[in-house]
Amino acid sequence: KAGVTQTPRYLIKTRGQQVTLSCSPISGHRSVSWYQQTPGQGLQFLFEYFSETQRNKGNFPGRFSGRQFSNSRSEMNVSTLELGDSALYLCASSLGLAGTYEQYFGPGTRLTVT
Amino acid sequence: ILNVEQSPQSLHVQEGDSTNFTCSFPSSNFYALHWYRWETAKSPEALFVMTLNGDEKKKGRISATLNTKEGYSYLYIKGSQPEDSATYLCAFGGGSNYKLTFGKGTLLTVNP
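Chains R and Z are the protein sequences, given in the same order. Residues 1 to 114 (the numbering used here) make up the first sequence, in order. Residues 1001 to 1112 (the numbering used here) make up the second sequence, in order.
Keep in mind the hints are simulated off the structure, nothing from the lab. Everything numeric in this text was worked out from a predicted model, so none of it was measured. Backbone N, C-alpha and C define an ideal beta-carbon position, used for all residues, glycine too. Check the hints yourself; a few may be wrong.
Now the in silico label distances, taken between C-beta atoms and shown as ranges [what the hints assert, rightly or not]:
id, chain 1, residue 1, chain 2, residue 2, range
1, R, T53, Z, E1056, 32 to 38 Å
2, R, T38, Z, Y1031, 24 to 30 Å
3, Z, N1029, R, Q44, 17 to 23 Å
4, Z, G1016, R, N71, 35 to 41 Å
5, R, G3, Z, P1008, 27 to 33 Å
6, R, Q18, Z, G1079, 48 to 54 Å
7, Z, S1096, R, T7, 31 to 37 Å
8, Z, E1005, R, T112, 28 to 34 Å
9, R, Y10, Z, S1010, 25 to 31 Å
10, Z, E1005, R, S65, 27 to 33 Å
11, R, Y10, Z, N1097, 31 to 37 Å
12, R, Q17, Z, N1067, 44 to 50 Å
Computed footprint of chain Z on chain R; a stretch qualifies when at least three of its residues, placed anywhere within it, have a C-beta under 8 Å from a C-beta of chain Z [what the hints assert, rightly or not]:
id, stretch
13, 12–24
14, 45–59
15, 105–112
Calculated lysine-lysine pairs in the DSS-like style (CA-CA distance at most 27 Å, straight line) [what the hints assert, rightly or not]:
id, chain 1, residue 1, chain 2, residue 2
16, Z, K1069, Z, K1057
17, Z, K1058, Z, K1104
18, R, K57, Z, K1104
19, Z, K1042, Z, K1058
20, Z, K1042, R, K13
21, R, K57, Z, K1078
22, Z, K1042, Z, K1104
23, Z, K1078, Z, K1057
Same shape as in the complex, but just chain R (with noise of 0.2 Å):
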């Protein structure tokens, strides 16, 4: 069975450009999940997405927005970066809502503002 996969993996963007990531989840799983990683701060969860649905949101301005299509691959976007989203995103997939199921994590894309 094929694992989570991300793409891009690296991206360098200057400030106030914006950016998208995608994720694309095991067979079968219809949960997606986003986080931020950066140092000192664990994961920071940005959005969930069940079923096309966003059904969780974190604590994160109105600049980082998501998607689900209806084979559940997920995008996320970034408007206007700021020096401050530089970060590991990692996206995780679950066959129910996160909270309740195990979490199958990608390998992540790690974003640089310049």
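Once you've looked at the hints, dock chain Z against the given chain R.
Okay, now just chain Z, sitting in the frame of chain R:
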């Protein structure tokens, strides 16, 4: 904002030592408590998902216990090996939408 606290933040042990870490979480609106291991340059990997008060789970030399009434879980590693070196994350699943909230983790270093 849900508070999930892990202690200690970091730990250095010698090969062969047994060790344990703590995760504390809200005792209300609980659904599940997760433990993950995150090795450097890899993705977090699930160890356990526990749902019942008094649950005990074991995988090889690693085990975990759960007390939902007082809001804590312990992770134990027996006879630590260098390959156990990693950050161990706990996450609380609960609230109205079963949201998953992670603690900041315990960084374990096992010296050979």
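A quick look at each hint next to the structure:
1. The given range of 32 to 38 Å is respected by T53/R and E1056/Z, whose C-beta atoms sit roughly 35 Å from each other.
2. Between T38/R and Y1031/Z the Cβ separation comes to about 27 Å, which falls inside the hinted range of 24 to 30 Å.
3. Checked against the given bound of 17 to 23 Å, the beta carbons of N1029/Z and Q44/R, roughly 20 Å apart, stay inside it.
4. At roughly 48 Å, the beta-carbon separation of G1016/Z and N71/R lies outside the given 35 to 41 Å, and the hint is violated.
5. Range check, G3/R to P1008/Z: about 31 Å between beta-carbon atoms, so the 27 to 33 Å window is met.
6. For the hinted restraint 48 to 54 Å between Q18/R and G1079/Z, the CB-CB distance of approximately 50 Å keeps it satisfied.
7. Separation of S1096/Z from T7/R is about 33 Å and conforms to the stated range, judged on CB atoms against 31 to 37 Å.
8. Between E1005/Z and T112/R the Cβ separation comes to about 30 Å, which falls inside the hinted range of 28 to 34 Å.
9. Under the hint 25 to 31 Å, the C-beta atoms of Y10/R and S1010/Z, about 28 Å apart, fit the expected range.
10. A hinted range of 27 to 33 Å for the beta carbons of E1005/Z and S65/R is consistent with their spacing of about 30 Å.
11. Y10/R and N1097/Z have their C-beta atoms about 32 Å apart, which keeps the hinted 31 to 37 Å range intact.
12. In this structure, Q17/R and N1067/Z meet the distance hint of 44 to 50 Å, their C-beta atoms being roughly 48 Å apart.
13. Against chain Z, the stretch 12–24 of chain R contributes 0 residues with a C-beta closer than 8 Å to a partner C-beta. That does not satisfy the three-residue criterion, and the hint is violated.
14. Given as covered by chain Z, the stretch 45–59 of chain R passes the check, having 5 residues with a CB less than 8 Å from a CB of that chain where 3 are the minimum.
15. Beta-carbon proximity to chain Z at under 8 Å applies to 4 residues in the stretch 105–112 of chain R; the threshold of 3 is reached and the given coverage holds.
16. Our distance criterion of 27 Å between C-alpha atoms is met by K1069/Z and K1057/Z, whose separation comes to about 18 Å.
17. Taken as a hint, the K1058/Z and K1104/Z pair is honoured in the structure, with Cα atoms around 23 Å apart against an allowance of 27 Å.
18. The suggested pairing of K57/R with K1104/Z holds, with an alpha-carbon distance near 19 Å, which does not exceed 27 Å.
19. Taking the CA atoms of K1042/Z and K1058/Z, the gap is about 22 Å. The hint holds against a cut of 27 Å.
20. Distance hint between K1042/Z and K13/R is fulfilled; the C-alpha atoms sit about 24 Å from each other, no more than 27 Å.
21. The straight-line distance between the Cα atoms of K57/R and K1078/Z is roughly 37 Å, outside the 27 Å bound, and the hint therefore fails.
22. For a cut-off of 27 Å, the pair hint linking K1042/Z to K1104/Z stands: about 17 Å separates their Cα positions.
23. For the suggested pair K1078/Z and K1057/Z, the alpha carbons sit about 14 Å apart, so the restraint of at most 27 Å is met.
Violated hints, listed in ascending order, are 4, 13 and 21; each of the other numbered hints is respected by the structure.
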